[in-house]
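Heads up: the sequence lines are chains A and B, in that order. Residue numbers are given in the working numbering: position 82 of the first sequence equals residue 82, and the series is strictly consecutive. Residue numbers are given in the working numbering: position 158 of the second sequence equals residue 158, and the series is strictly consecutive.
Careful: at least some of the hints might be erroneous.
Chain B regions said to be covered by chain A (calculated; three or more residues, Cβ under 8 Å) [unchecked claim]:
1) 59-72
2) 143-156
Using C-beta positions, here's what the derived DEER-type ranges look like [as the list claims (entries may be wrong)]:
3) A:Gly-111 with B:Glu-104: 12 to 20 Å
4) B:Thr-194 with A:Gln-103: 17 to 25 Å
5) B:Gly-44 with A:Gly-111: 28 to 36 Å
Straight-line alpha carbon distances no greater than 25 Å define the calculated DMTMM-like cross-link-like pairs of lysine to aspartate or glutamate that follow [stated by the list, open to error]:
6) B:Lys-201 with A:Glu-100
7) B:Lys-111 with A:Asp-110
8) B:Lys-190 with B:Asp-134
In case anyone wonders, no lab produced these hints; they're calculated from the structure. Ideal placement from N, C-alpha and C gives every residue a C-beta, glycine not left out.
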Amino acid sequence: MKHLLAGLPEDAGERAARARRRALARLAAEDRRRVGWRVPALAVAMILVVGVVWFRQAWRVETLALRPAAPVMAPVDLTPPPVVVVQQRRKPARRAPGPERLQVQLALSDGTQVYWTFDHNFKLGGKL
Amino acid sequence: MRQAILIVILAAAPVAAETKIYQAKHRPAESLGRVLGNMGGFFGVSPSREFNTIALNGSPENIKVAEAILEKYDTPRRQAEFLLRVIEAGAGVGADKGATDAAELVPAELKSMLKYNRYTLLDSAVLRGMEAEDLRLALLNLNGRVRFNVRESALEMTVEITGPPTNIKNSSGNDTTHWPSVLSTTATAKSGETVVLGASKMRGGNNALIVLVTAKLLP
């Protein structure tokens with residue numbers, strides 16, 4: 001094509017230039033058409049692959065090994081229990097029940113009122 | 001039938017209640033409140049110590065009754081004077097050296113009933129105070145308290161005398177101070193009268209305490 005364009009006269013040079021531009025534009029569009037769907041498709045494919053790999057790893061649950069601790073039994077104390085000597089409480093001597101306090105009111109012949117208290121626990125507290 | 005329904009409705013209708021504040025003039029509101037509290041609950045009584053008032057709540061008729069009762073009991077407090085002579089009675093010959101023989105103060109009739117022949121005046125005290133107040137008494141190593149109320153011109157008094165404090169152990173094993181009661185008597189006397197208060201051991205004993213109380217209402 002370059003050979004043909006170089007051998008044409010000037011009036012045909014413009015036509016050739018237009019044809020050349022059209023041809024170049026067609027080539028560019030063809031290149032765009034050819035490259036345009038491959039790159040996104042490749043990117044989507046890579047994302048899908050990475051996603052599937054990650055999802056599989058995340059989905060996998062590790063199985064824990066069940067290892068319960070063995071029960072330990074306390075040693076049995078075989079020593080005999082101490083013998084406790086129980087002392088019987090001595091019963092207090094039974095006393096005849098009596099009043100703790102007795103109040104007596106009497107009036108003397110001159111009208112004086114006397115209020116006398118007999119108290120079992122009466123104590124003046126020694127010499128006052 | 002209609003009449004019966006009307007009667008039931010009227011009986012169930014709430015009586016119009018009102019609240020009134022009574023200002024106590026002479027007596028503590030709480031003491032007056034206790035008087036009303038014993039009346040059977042015909043009215044609500046809420047005494048206030050801070051303002052010395054009584055809030056009455058009830059029907060108008062019941063509040064009138066309560067006010068009449070309060071007026072009757074909210075009388076001016078009386079003042080009284082007490083002369084106390086504390087005598088120790090014992091068996092022996094004559095009075096101790098330096099002690100005052102108080103045999104003359106004890107009524108002869110009472111002396112004839114007692115087996116003691118020695119009467120020693122330990123202390124004398126004059127107390128003057130208002131009604132419903134604690135009048136404190138300190139006699140050598142004895143402590144006391146006199147409280148009185150006036151009922152129909154007679155003095156109703158409570159005399160309490162405790163001995164010297166002693167330390168005793170309680171159930172927890174800690175020491176607590178105890179004031180043993182020597183004498184605790186409620187007696188009634190007219191103004192100017194002398195009453196004899198006595199205390200001794202249940203079965204005789206070597207000594208006895210005799211307190212001669214002369215009460216006098218002051219104008």
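Query raised in the report: Tell me, which hint numbers fail for this structure?
Result: 1, 2, 5
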